[in-house]
Amino acid sequence: MSSILKLENLKVRFSTHRGQLEAVRGVDLDIQAGTSIGIVGESGSGKTVMSRAAMGLLTGSNVTREGRITFDGKVLSDMSREDVRNEFGTGMAMIFQDPMTALNPVRRIGSQLQESLRIRLGMSRKEARARSIELLTLVRIPEPKQMLRKFPSQLSGGMRQRIMIAIAISCNPKLLFADEPTTALDVTVQAQILELLTDLRQRLNMTMVLVTHDLGVVAGNTDYVAVMYAGEIVEQAPTTELFANMKMPYTEALFKSIPNIQMKAGSRLPVIEGRLPDPTDRPPGCGFAARCSYAQDKCFTDHPELEVAKDGHLYRCWFPLGDSIQRKVS
Amino acid sequence: MTNHAHLRKDSDVLLRVEDLVVEFKVPGNKVVNAVSSVSFDVKEGETLAVVGESGCGKTTLGKALLQIQKPKSGTVRFEGNELTSLSKSDLRSARTSIQMIFQDPISSLDPRMTVRQIVEEPLWIWSKGDENERVEKVKSLLNNVGLDPELVLDRKSYEFSGGQCQRISIARSLALEPKMLICDEPVSALDVSIQAQILNLLNDMKDRYGLTLIFISHDLSVVKAISTRIMVMYLGKVCEIGTTESIYSKPAHHYTAALISSVPVPDPTHKSERTPITGEPPSPVDPPSGCRFRTRCPAATELCATEEPMLREVSDGQFVACHYPRA
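Chains as they are written, first to last, in our numbering: chain A, 1 to 330; chain B, 1001 to 1327.
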């Protein structure tokens, strides 16, 4: 296996009226070709900013990006915007969270689908039309020919997300970012979309990065999971290993707070008290310490580094779960 | 033909809805059957969850109970009052005992009002107490929903996260001490970790204020923690209604089973035994004949196309509208 996307010490800062906001604080991530990885975290954990920065999509004048991004052997972080743009579609593509607003409301589905085929792959109108019908069939849209003439407002959320997927895979990208692809959808449609993504990934031999706040979504659909908290990766492991052997108290708390269909009716859900630390004023120690039920004095003063356990299990915690160290529960 | 097998004795219930129909006119002289002859009842202290996909009419149903959306026909009886025939002013006062919280916590609060104004507004409209009493009331409400009044009173809604906004909405809805709270997808816009907080809060408030809840959601995993009864809707009709335990342990309708199996399981070793449900609900402008779920149902036969199934009891307190219920 070879590396398809490698992030080294990626940092993203925004200048705001309240000062420098460090949204991503030194992320190292190596994604192997052909795998699928889930990036999990709460709102504000930096997961979306990280994936957009990795694609070179954050270019505002108030954004500072540091670190090295290597995509498919090319150093993306040194490339000009024009060159990065040339990687979109054929190299990497993204599916956005909100299928309601990600499509252009005044253009027909057909024209939005054919745009990248014509520009990126230089297809003729006729070829692009034939290929878009193929793509719509691939994402299991009934009556694909009629679909080409429709506008986004005529479609349901699930259908629009299928269109987004069809556009994203139209030029056979090597790497597909899916940023909360099912959060705006019903559970039944969510199940269908996840199944479709997993199927397409295997069929087209794509690498997939699935960004979500729901650990339940990554469980059945990824090979690896990276958990993000306050702009950092706090735990990373193969999916089965992570679920069997959580080391970070945050991951455990996130896992326990999922409303589980197997729990007793009427039972009280465990919650994570408090909220993420203020990104313009990060605490010196572990970012999770104030909310952690196992936190000790050291956690508030010293920032933990990413440790490596067996099986490539990474964690960022002074007192990982399952360790023999005696913990006092505060 | 009546479809009332599941209704309980009139004297036992707080809210009783019979044959409620809500329709919308759409261009081309067509009619959307958003809610088609729905009947149900809610006892005091119960939490009824109304579950179904987008477009099944669950939000419209919630609005029709409050007469925000006027029903075309049917009755809504709350504490002996027939809400559909009340005069405007009587309806206004009846609504003080039924309140609603909405799906999107951020856009359901006025961004130009302070938290104090938002929570105080219902008290002010109904002239409850003098100014000092009202402020004390607002403070105690904010305290009860887990917000520090000193910190939040003079801030505006855009300064808060989604979860905090939902807490403010809950405080506002409780200001007039209603008997019933209709929650329309109160957690679907929130992160999983925040969802749990809000669900626990709603349960606490239910105990503290003696509320009866109607909880509208598309996600069966969310309602398990909060509901005592569940009503599953599909394309404007009730498919199944029963106690929470019975619905989860032995769903009788194929649609309920499909909804349950669609919930992602946070366990990578879990092999899904997904009951196949493909496609999306058909258009409510032209719903299928007979059973409305038949076009997506694995067990459908010709009978399902010709005859509409009525709700009937399959086990104690569990009713299903299906010709071939799951064993």
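Source of the hints: derived by calculation from the structure; they are not laboratory data. The structure displayed is predicted, hence computed values, not measured ones. Do not take every clue at face value.
[Said to hold, decoys possible] Once the Cα atoms are required to be at most 25 Å apart in a straight line, the calculated DMTMM-like pairs of lysine to aspartate or glutamate come out as:
(1) Lys145(A) <-> Asp1286(B)
(2) Lys1156(B) <-> Glu241(A)
(3) Lys264(A) <-> Asp1286(B)
(4) Lys1271(B) <-> Glu241(A)
(5) Lys1139(B) <-> Glu273(A)
[As the list claims (entries may be wrong)] According to the in silico footprint, chain B covers these stretches of chain A (three or more CB under 8 Å from chain B):
(6) 5-15
(7) 155-166
(8) 188-200
(9) 216-227
(10) 264-270
All residues carry an ideal CB built from backbone N, CA and C; glycine is no exception.
Hint-by-hint comparison with the structure:
A distance of roughly 22 Å separates the Cα atoms of Lys145(A) and Asp1286(B); the hinted pair therefore holds under the 25 Å criterion. Our distance criterion of 25 Å between C-alpha atoms is broken by Lys1156(B) and Glu241(A), whose separation comes to about 44 Å. As the CA atoms of Lys264(A) and Asp1286(B) are separated by approximately 39 Å, the hinted pair breaks the 25 Å bound. Proposed proximity of Lys1271(B) and Glu241(A) is supported: the alpha carbons are some 16 Å apart, at most 25 Å.
Restraint check for Lys1139(B) and Glu273(A): satisfied, since their Cα atoms lie roughly 21 Å apart, inside the 25 Å limit. Remark: the region 5-15 of chain A is not confirmed as covered by chain B, as 0 of its residues place a Cβ nearer than 8 Å to a Cβ of that chain, below the required three. Closer than 8 Å: that is the beta-carbon criterion, and the region 155-166 of chain A has 4 residues meeting it against chain B, so the requirement of 3 holds. By the rule of at least three residues with a Cβ nearer than 8 Å to a Cβ of chain B, the coverage given for the region 188-200 of chain A holds, with 6 such residues.
Only when three residues or more bring their CB closer than 8 Å to a CB of chain B does the claim for the region 216-227 of chain A stand; here the count is 4, and the claim holds. With 6 residues bearing a CB less than 8 Å from a CB of chain B, the region 264-270 of chain A meets the requirement of three and the coverage assertion stands.
Violation of the numbered hints given earlier is confined to hints 2, 3 and 6; the remaining hints are satisfied by the structure.
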